[in-house]
Amino acid sequence: MRYVLRRLGFFVVTLWSCLTINFVLPRLMPGNPAIAMMARFRGRVNGQVLHALEIAFGVNTRQSEIAQYFGYLGNTLTGHLGVSLTFFPNTVLQVVRSAILWTVVLVGVTTIIGFVLGTLIGMISGWRRGSKLDSILPPVFVVTSAFPYFFVALLLLLAFSITLGWTPLGFGYSNTDTIGWTWHFVGDVLDHAILPACTILVTSIGGWILTMRNNMITTLAEDYVRMARAKGLSPARIMVDYAGRNAILPNLTGFAMSLGFVVSGAILVEYVFSYPGLGYMLLEAVQNEDFALMQTLFLLITIAVLVAILVVDFVTLVLDPRTRSEK
Amino acid sequence: MGTVTLRPPPARVQEAVARLRAGTVGNLARALAGNRKALVGSAMLAFFAFCALFPGVLAADDPNAEIYARGAAPSAAHLLGTTSYGQDVFSQLIWGTRQSLVIAVVVGGLATVLSVAIGVTAAYLGGIADDVLSLFTDVFLVIPAFPLIVVIAAYSKNGGDTILIAVLVATGWSYGARQLRSQALSLRSRDFLVAAKLRGERRWRIVVFEILPTMTSLIVANFLGAALYAVLAAAGLQFIGLGNPSSMSWGTMLYWAENNEALQAGMPLWAVMPGVAIAMLGGAFSLLNFAFDEIGNPALRPVRRARGRRHP
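Chains as they are written, first to last, in our numbering: chain A, 1 to 327; chain B, 1001 to 1312.
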């Protein structure tokens, strides 16, 4: 129970830090950059919306900083995130809603596949140290994980879309399609998702492989593994149930901690493929100096990572008895 | 030749050299020389350092001069062709090394100093100070760095390289701090630290002269990790146009290549080569890091003879 409370506490603290960063940043910069944005809004939106934006960015307001801060926190927590300059009459919330599913599906699914696959490869190559698999896969993927995400994306784009013409050049689906749960549309979406997904896989899998392999090697030296061997258990059972099960715990924590990196890379991948997710939209907002949208996207991306971490925490709770017995 | 007699150096120097050889620094150097991954990584890094220091030796053309044929294919005069502005791609590539390497080394160094300061302090102080510092570290670790960098860069448009470096340091130290903290934590109850405390050594002396030397390989690994992060993040930022678009660096090259649709327009090398360079530099850091992992943790070194014993 204490473990759960601590993790929830961490969630709240991080979320609060993020909100505070959003509030402080525009005020820190010389010559508040939001002023130019506000000027473009004047006369286009009604007073109430304008006022909320003024509070959020500290423009034209006589309120004290502290009052602004609480006003901003209140507005954000109640979902009053302002209007988007880029997609004008739409509120930030509406804009974001259209993008979030794309990112969750693409990045979420790929990250999970990458983690499972990487852990498996790491487990096997740690188990069979010095084998062909072990001397090829981990070093290769460690090197590919040093590749910039956008570079891998560009290479794949060059090879499969431009040269071979097998896959579309970008975006989430074809313009000619109608959105819906038809086989045709789903197939089209998969067609568009395959290159971005491969990019994320190639660049993120190395980390999971390496940590899992190294944990595995450490675990294999433990006495309980030797005992399992002495009992004459089948190698597969020792590998999975004895060594693997224990080696995966640090890897799981590492997974939670490095999600931020994966999401960071995914933004660039979305940019290269013009994939209509949160990352692409974030860069769009930056280019248009649409700070309200930008802040919200930053917040949302952080929340997505935090929720994923919370899920991993609960999985750890199930897998690792030590977290449960902690009094 | 035979008339020159070498006098042995004074005893004090001999002693110091022996200590150095036996000490962590000597061990590290020897371990590096014996590790193939480390050798390859160092060689690559040395090559990039040469390009950064003496770009003129390898590329005589002015990287900014827009004087050649536009969008030319590779030829003897232009090894990698030219850009759609008529600049020499090869020259840009070589001259761009400097900025990428400087950012990597500066950010790597500063971030490492910060992670050592916070990580080791947290572990050494313990108690509430540790709780607070650890929480601080974890929060920074979890907030996705790249979106944060993008947000900061958007507010401080054209803020220059100083802001870029500051932001990369601010977002790049936390992973190392966490690792160093747990390593320092495991050292805390060791006998040699207890002995130093009993001798009445001052706290900072214990940290600097007793704790840090035992963590050399982890600190170096952290430097490499942070440098790798800096290379990738800086390139990514410049690629999406949030860097200084007139600077000479690989990320900026990619930005202009992407803006001119170099891939579709038949100048693939303009877009591909800076990426290759970034990947190679990143790969060099990554290989060295892999090697340091093996040096720092003997259990991970490649098995040669011991295998037969392990699997009876």
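Check the hints yourself; a few may be wrong.
So the derived list for chain B, only partly shown, Cβ under 8 Å to chain A, looks like this [as the list claims (entries may be wrong)]:
| # | residue |
| --- | --- |
| 1 | 1139 |
| 2 | 1142 |
| 3 | 1235 |
In silico contact screen, one side only, chain A against chain B (beta carbon under 8 Å); selected entries [as the list claims (entries may be wrong)]:
| # | residue |
| --- | --- |
| 4 | 147 |
| 5 | 156 |
| 6 | 257 |
| 7 | 286 |
| 8 | 288 |
| 9 | 298 |
| 10 | 303 |
| 11 | 306 |
| 12 | 307 |
| 13 | 309 |
Just so you know, the hints here were simulated from the structure itself, not pulled from any lab data.
By construction, the Cβ of each residue, glycine as well, lies at the ideal position given by its N, Cα and C atoms.
Here is what the structure says about each hint:
1. Taking 8 Å as the C-beta cut-off, the interface hint given for residue 1139 of chain B holds, the closest approach to chain A being about 5 Å.
2. Checking residue 1142 of chain B against chain A by beta carbon gives a least distance of about 6 Å; that is within 8 Å, so the hint holds.
3. The interface hint given for residue 1235 of chain B is met, as the beta carbon of that residue sits about 5 Å from the closest beta carbon of chain A, less than 8 Å.
4. The interface hint given for residue 147 of chain A is met, as the beta carbon of that residue sits about 4 Å from the closest beta carbon of chain B, less than 8 Å.
5. The interface hint given for residue 156 of chain A is broken, as the beta carbon of that residue sits about 11 Å from the closest beta carbon of chain B, more than 8 Å.
6. Nearest Cβ of chain B to the Cβ of residue 257 of chain A: about 6 Å, under the 8 Å cut. The hint holds.
7. A cut of 8 Å between beta carbons decides the hint on residue 286 of chain A: the least distance to chain B is about 4 Å, and the hint holds.
8. For residue 288 of chain A, the shortest C-beta to C-beta distance to chain B is roughly 10 Å, which exceeds 8 Å, and the interface hint is violated.
9. Against a cut-off of 8 Å between C-beta atoms, the interface hint on residue 298 of chain A holds, since the closest Cβ of chain B lies about 5 Å away.
10. At its closest, the beta carbon of residue 303 of chain A sits 10 Å from a beta carbon of chain B; the interface hint therefore is violated under the 8 Å criterion.
11. Given hint, residue 306 of chain A at the interface with chain B, holds; its Cβ is 7 Å from that chain's nearest Cβ, closer than 8 Å.
12. Annotation: residue 307 of chain A was flagged as interfacial toward chain B, and the flag is violated, the nearest CB pair being 11 Å apart, outside 8 Å.
13. Satisfaction of the interface hint for residue 309 of chain A is found here, the shortest Cβ-Cβ separation to chain B being roughly 6 Å, below the 8 Å cut-off.
Violated hints, in rising order: 5, 8, 10 and 12; the structure is consistent with all others.
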